[in-house]
Amino acid sequence: MNAILPTKPVAEGLAVSVAPPAPAGPSLAARVLPRAATIAATVVPPLVVVAALFGLWEWAASGPGATLPPPSKVWADSAELITNPFYDRGGLDKGLGLHLAASLQRVGVGFALSAVIGVALGMLVGSSRLAMRGLDPIFQVLRTVPPLAWLPLSLAAFREAQPSAIFVIFITAVWPIIINTAVGVRNVPADYRNVARVIRLRPHEWFLRIVVPAAAPYIFTGLRIGVGLSWLAIIAAEMLIGGVGIGFFIWDAWNSSNLSDIVVALAYVGLIGFALDRIMALAGRAVTRGTAAQ
Amino acid sequence: MERSFLEISRLSVRFGAKAPPVLNGIDLKVAQGEYIAVIGHSGCGKSTLLNVVAGLLPATLGGVVLEGREVDEPGPDRAVVFQNHSLLPWLTCAENVALAVDRTVGRSMTRAQRRDWTMENLALVRMEAHAQKRPHEISGGMKQRIGIARALAMRPKVLLLDEPFGALDALTRAHLQDQVMAIHARLGTTVMMITHDVDEAVLLSDRIVMMTNGPNATIGEVLDVDLPRPRDRLALASDARFLAAREAVLRFLHERHALPAAA
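So the protein sequences, as listed, match chains R and L. Those letters in the first sequence? Residues 40 to 333, per my numbering, in order. Those letters in the second sequence? Residues 27 to 289, per my numbering, in order.
Please keep in mind that the hints were generated in silico from the structure rather than gathered at the bench. Remember, it's a predicted structure, so these values are computed and weren't measured experimentally. Note that the Cβ used here is the ideal one computed from N, Cα and C, for glycine as well. A hint or two may mislead.
[To be verified] Derived SDA-like pairs: lysine to any residue, alpha-carbon spacing no greater than 25 Å straight-line:
#	chain 1	residue 1	chain 2	residue 2
1	L	159	R	252
2	L	183	L	249
3	L	183	L	44
4	L	159	R	321
5	L	159	R	320
6	L	159	R	292
7	L	183	L	59
8	L	159	R	307
9	L	55	L	272
10	L	159	R	290
11	L	159	R	250
12	L	183	R	241
13	L	55	L	33
14	L	183	R	292
15	L	159	R	324
16	R	133	R	292
17	L	44	L	67
18	L	183	R	239
19	R	133	R	321
20	R	112	R	250
21	R	112	R	307
22	L	159	R	231
23	L	159	R	327
24	L	159	L	95
25	L	183	R	236
[Claimed, not checked] Ranges of calculated distance between the beta carbons of each label pair, as one might list FRET restraints:
#	chain 1	residue 1	chain 2	residue 2	range
26	L	162	R	82	28 to 36 Å
27	L	211	R	179	57 to 65 Å
28	R	168	L	57	27 to 35 Å
29	L	193	R	184	45 to 53 Å
30	L	285	R	184	52 to 60 Å
31	R	239	L	59	22 to 30 Å
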């Protein structure tokens, strides 16, 4: 009896000291496991597909008559490009990160210009019937001109590669921005106009407090399309103008039959394009604060 | 008889020179503090009438005079509650009301006074708890209450309601009707309400203006609703005067002026 009794409090003490973490344990797992499952459900399928594609590519490009390098050869040839994007050995022998930075800088300047001018012109065309009659037919024709067709004229006008490339970005991105902004301004509901008339908003107040926020979702759609087109155009433009930039890097690699480098560069171009698109989408969502659905 | 507060005289409205007039020869005098309901079938031009009073549409012939001044443009003295609320989705409820306050009565107020006045009007429709929500976060009835608060915040001489409860379910509608009655009793604002709901017209108004069918619509009859205020929908449900008024409107709409298509 005496031998048993002292053990009881000890057991209870143990039970007490063990008990508090015990409920936390399952609840933590209960919280983490479903989230891990959700993440796995979104991450695993693309990983599986990518792995399968690499396998298929390796198999298809390993035959005796293969013209393109398999993934294993790409890694063997271009490991430095993949692992060290920021090396700089002078001249054009730079890491992909530096080439991409040069391209992004051109896109940044050209796209910023097209955003400012495109939104301003879109507002004009959207709010003035006269401006629309005058400008819209010209826009509709000019917007179908392929970006690269502008390059010779732009080289002739600017006599330098850098501003010519920026102009090509500008002229590529500006049309969807103009057109979407104009549609957004034209689609401001008549009810909002009536509200503004009843409270006697002045023209500049009407514009800033009603038109701009009402058209914001459309404007961001235009900006998102514009940034995507800019990225498409810069690669092609840089192939022609040369210098530092991802487009010229790809062209240069082709001229030196360095196919593995091209494969790596394409992967980077795709990832950056994806990132640009996401950033614009997120910026649009942040600015319109979820009211786009209204 | 004293000079009328709001006077519509020989009003005709025509869209396009060839089309027949939508409204033809409307005459109506409204006293200050009166609650007027305008009822009629769809397409009788009752919303057109309200828009002319609001100044949103021009009169082709005749016109509207409010307190001795002719109406020729929209303004905050004739605040409109729109059928589909027309709140700005990027502003919170308080900001929607504040926008109207800032551009109208608030021009002569301090910042703190404007804020208090905004909140006071939200309190009037019992929406102060939802002041910081955006329109898409609140129900249809709540949106319409914010629309009413926005209109009242302009301190209008006439409150124009364009089928304000048309899109709401019956229970929400009853709740809002009671609120509007309480606000009307408290503020004594002159109200002109467009409706197609007979019970709503009888319950809320002092006079019911019944419109004939368009085109060439005009005022068919005006019914005085001789019911004491405050009115209670339950007590009135079996009140002989309420039922008689209701029957009179129904007879007008469905016996003498039934829609040809429906007849």
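Evaluation of the provided hints:
no. : hint                        : result
1   : L:159 <-> R:252             : holds, 17 Å
2   : L:183 <-> L:249             : holds, 23 Å
3   : L:183 <-> L:44              : violated, 36 Å
4   : L:159 <-> R:321             : holds, 22 Å
5   : L:159 <-> R:320             : holds, 24 Å
6   : L:159 <-> R:292             : violated, 56 Å
7   : L:183 <-> L:59              : holds, 9 Å
8   : L:159 <-> R:307             : violated, 43 Å
9   : L:55 <-> L:272              : holds, 22 Å
10  : L:159 <-> R:290             : violated, 54 Å
11  : L:159 <-> R:250             : holds, 21 Å
12  : L:183 <-> R:241             : holds, 22 Å
13  : L:55 <-> L:33               : holds, 5 Å
14  : L:183 <-> R:292             : violated, 77 Å
15  : L:159 <-> R:324             : holds, 18 Å
16  : R:133 <-> R:292             : holds, 12 Å
17  : L:44 <-> L:67               : holds, 24 Å
18  : L:183 <-> R:239             : holds, 16 Å
19  : R:133 <-> R:321             : violated, 31 Å
20  : R:112 <-> R:250             : violated, 56 Å
21  : R:112 <-> R:307             : holds, 18 Å
22  : L:159 <-> R:231             : holds, 19 Å
23  : L:159 <-> R:327             : holds, 15 Å
24  : L:159 <-> L:95              : violated, 39 Å
25  : L:183 <-> R:236             : holds, 17 Å
26  : L:162 <-> R:82: 28 to 36 Å  : holds, 32 Å
27  : L:211 <-> R:179: 57 to 65 Å : holds, 59 Å
28  : R:168 <-> L:57: 27 to 35 Å  : violated, 43 Å
29  : L:193 <-> R:184: 45 to 53 Å : holds, 48 Å
30  : L:285 <-> R:184: 52 to 60 Å : holds, 56 Å
31  : R:239 <-> L:59: 22 to 30 Å  : holds, 25 Å
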